[in-house]
Amino acid sequence: MSVPNTWRLQQQRYRLMGEVCDRCKTKIFPPRDVCPECEAPAKTQFALSGRGEVYSYSTVYNAPAGFEDATPYTVALVRLEEGPLVTAQLTDVSAEEVEIGMPVEMVTRRLRADGAEGIISYGYKFRPVQFSPAI
Amino acid sequence: MRDVAIIGIGQTQVDEHWELGLCQLALQALQAAMADAGVEWVDALYVGNMLSGELTGQEHLGALIADFAGLRGIEALRLEAAGASGAAALRMGYLAVGGGWADIALVVGVEKMTDAAPPDAEAALMAGADADHEAAHGLSFAALNALLMRRYMHQFGYQAQDFGGFPINAHANAMNNPCAMFHIPLKLESYARARMIAPPVNLMDSAAIGDGAAAAVLVPTEWAQRFSQPVVRIAASAVGTDSVALHDRRDPLLLEGVALSARRAYEQVGIAPDEIDFFELYDSFSITAAMSLEAAGFCQLGMGARMALDGEITLQGRLPISTMGGLKGRGNPGGATGVYQIVEAVQQLRGQAGPNQVPDARWGMTQSIGGSGGTAITHILERVNS
Ligand SMILES: [Zn+2]
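These protein sequence lines map, in sequence, to chains B and F.
Counting in this note's numbering, the first sequence runs from 4 upward without gaps.
Counting in this note's numbering, the second sequence runs from 62 upward without gaps.
The set of hints was computed from the structure by calculation and includes no laboratory data.
Every residue gets a Cβ at the ideal spot worked out from N, C-alpha and C, and that includes glycine.
Keep in mind that a hint or two might mislead.
In silico DMTMM-like links for lysine to aspartate or glutamate, alpha-carbon gap of 25 Å or less [stated by the list, open to error]:
| # | chain 1 | residue 1 | chain 2 | residue 2 |
| --- | --- | --- | --- | --- |
| 1 | B | K46 | F | D312 |
| 2 | B | K46 | F | D193 |
| 3 | B | K30 | F | D312 |
| 4 | B | K30 | F | D193 |
| 5 | B | K28 | F | D312 |
| 6 | B | K30 | F | E317 |
| 7 | B | K30 | B | E40 |
Far from chain F, by Cβ distances over 10 Å, these chain B residues were calculated [unchecked claim]:
| # | residue |
| --- | --- |
| 8 | R26 |
| 9 | R35 |
| 10 | C38 |
| 11 | P39 |
| 12 | G53 |
| 13 | S61 |
| 14 | E71 |
| 15 | A79 |
| 16 | E84 |
| 17 | M105 |
| 18 | A119 |
| 19 | R130 |
| 20 | Q133 |
Covered stretches of chain F (chain B as the covering partner; in silico rule of three or more C-beta atoms under 8 Å from a C-beta of chain B) [as the list claims (entries may be wrong)]:
| # | stretch |
| --- | --- |
| 21 | 205 to 218 |
| 22 | 295 to 309 |
Working from the sequences, and respecting the hints, build out all of it.
In structure tokens, the structure reads:
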């Protein structure tokens, strides 16, 4: 988790900045510069809405190094409404409440901290869609 | 391309070998394989390893192991393709002998997993996944497989307990393999009670990591008749790839890399899946075993778990799998796995599999998967009647 790497990933981590294929209009996240559907160059930026639904989920009890303090935590594959799947943690929800198909939305949270001295990286997580009263 | 045969095999037990380093482990396996082959020299050494740099701080294993084994000066390279590293090394040996660049090639898979603390080993294994978009979010391999297993159950209507046939079969077969990590039979009740590590994946769905080394000696098949062992030839060797990240797949429940490598292997031999006598597949998790059976063409999509439920994967079944214990029973020695699978397939085809012998086996298939499916390497071996 280097400083340049964290800097490079800012746009996608904080804003879900992906890409759109100029040829076939496929929305791409994470950005990969070549359209996975038609192999055309795809460097036009496109911010995903952050809304989607849970495609699958689990809870991590045996965490990899760097995440031990957060256990247990819930992870998911989220199907974004524009099409791409994204791997992320779920937050503001207990594991028992999660189910496949549950509507979720993106929020920015702390992903991990590299010890007391190291950098803290932030990025997207997903939470259940909040009830928002009509204005 | 010359036809290539395997004339020597060797392996250490998969275990926590605190007393042995990488080089000592590799040496034990390669000396056993060279003695089995009856050769005292080789032209080339190919080392399959995934994590030596991450876990022990040692890279550059080609030259290191060649020198350690008294083979200083020969061509020696290390190959890495995550969990398929050992199979990649075998393929390199196959290409070198087949292409005429080496007459005797030595292939070694070696991994030293247990020097590191478990969270460090978990993190190191995730180097075979997408670092920025999977590992950075705290996913473990158990979690990635749990995402697949949950979705698979949802889509095809299974319960978690329906997957018990895979580890039960693996543990039963490992009982008769002295090189296996576990010699403990597993009952369905114990499987159902096992602790969850990433639900619905429980401890018994997940192959434990261990240290180990396995080796094979390759020569042109026309030479092989001169050596004393029954001859086993490499009939097919094929690689398929897919996205490294699960979320980049068109359908995460399709292991397209596995399907491509299996299809290419069948085409090289000109046989259909139903002619395969046994299949050493990559059962690092129960769900990968189920999905591999489907992608490799042994059943329809969604029917892999059904094959275990119906007993089709046991030694007496339609398609015996993990015949010497698989990753679950033999243990998961990381990048060494692919060479263990080859050693076990050669044992079967030579008729040296003891109580686990698949009768009259002619065609044996092995398959290693790197990461969650980004690389798949399939080999088909054939017993040659001389
Ligand atoms: Zn496109």
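Checked hints:
1. K46/B x D312/F: 24 Å, holds
2. K46/B x D193/F: 19 Å, holds
3. K30/B x D312/F: 16 Å, holds
4. K30/B x D193/F: 19 Å, holds
5. K28/B x D312/F: Status holds; Cα separation ~19 Å.
6. K30/B x E317/F: 22 Å, holds
7. K30/B x E40/B: Holds, because 10 Å separates the two Cα atoms, which is no more than 25 Å.
8. R26: 18 Å, holds
9. R35: 8 Å, violated
10. C38: Label holds. Min Cβ-Cβ 12 Å, cutoff 10 Å.
11. P39: 7 Å, violated
12. G53: Consistent with the label, G53/B stays out of reach of chain F, its closest Cβ about 15 Å off (over 10 Å).
13. S61: Per Cβ check, S61/B is inside 10 Å of chain F; nearest 3 Å; violated.
14. E71: 6 Å, violated
15. A79: A79/B is in fact no farther than 10 Å from some Cβ atom of chain F, at 7 Å.
16. E84: Correct as stated: the minimum Cβ-Cβ distance to chain F is 15 Å, above 10 Å.
17. M105: The claim stands: M105/B keeps its Cβ more than 10 Å from every Cβ of chain F (closest is about 12 Å).
18. A119: 18 Å, holds
19. R130: 14 Å, holds
20. Q133: At about 22 Å from chain F, Q133/B clears the 10 Å cut-off, so the statement holds.
21. 205 to 218: n = 6 at 8 Å, threshold three: holds.
22. 295 to 309: Holds, because 5 residues of the stretch 295 to 309 of chain F bring their Cβ atoms closer than 8 Å to Cβ atoms of chain B.
Comparing the model with each earlier hint shows violations of hints 9, 11, 13, 14, 15; every other hint is respected.
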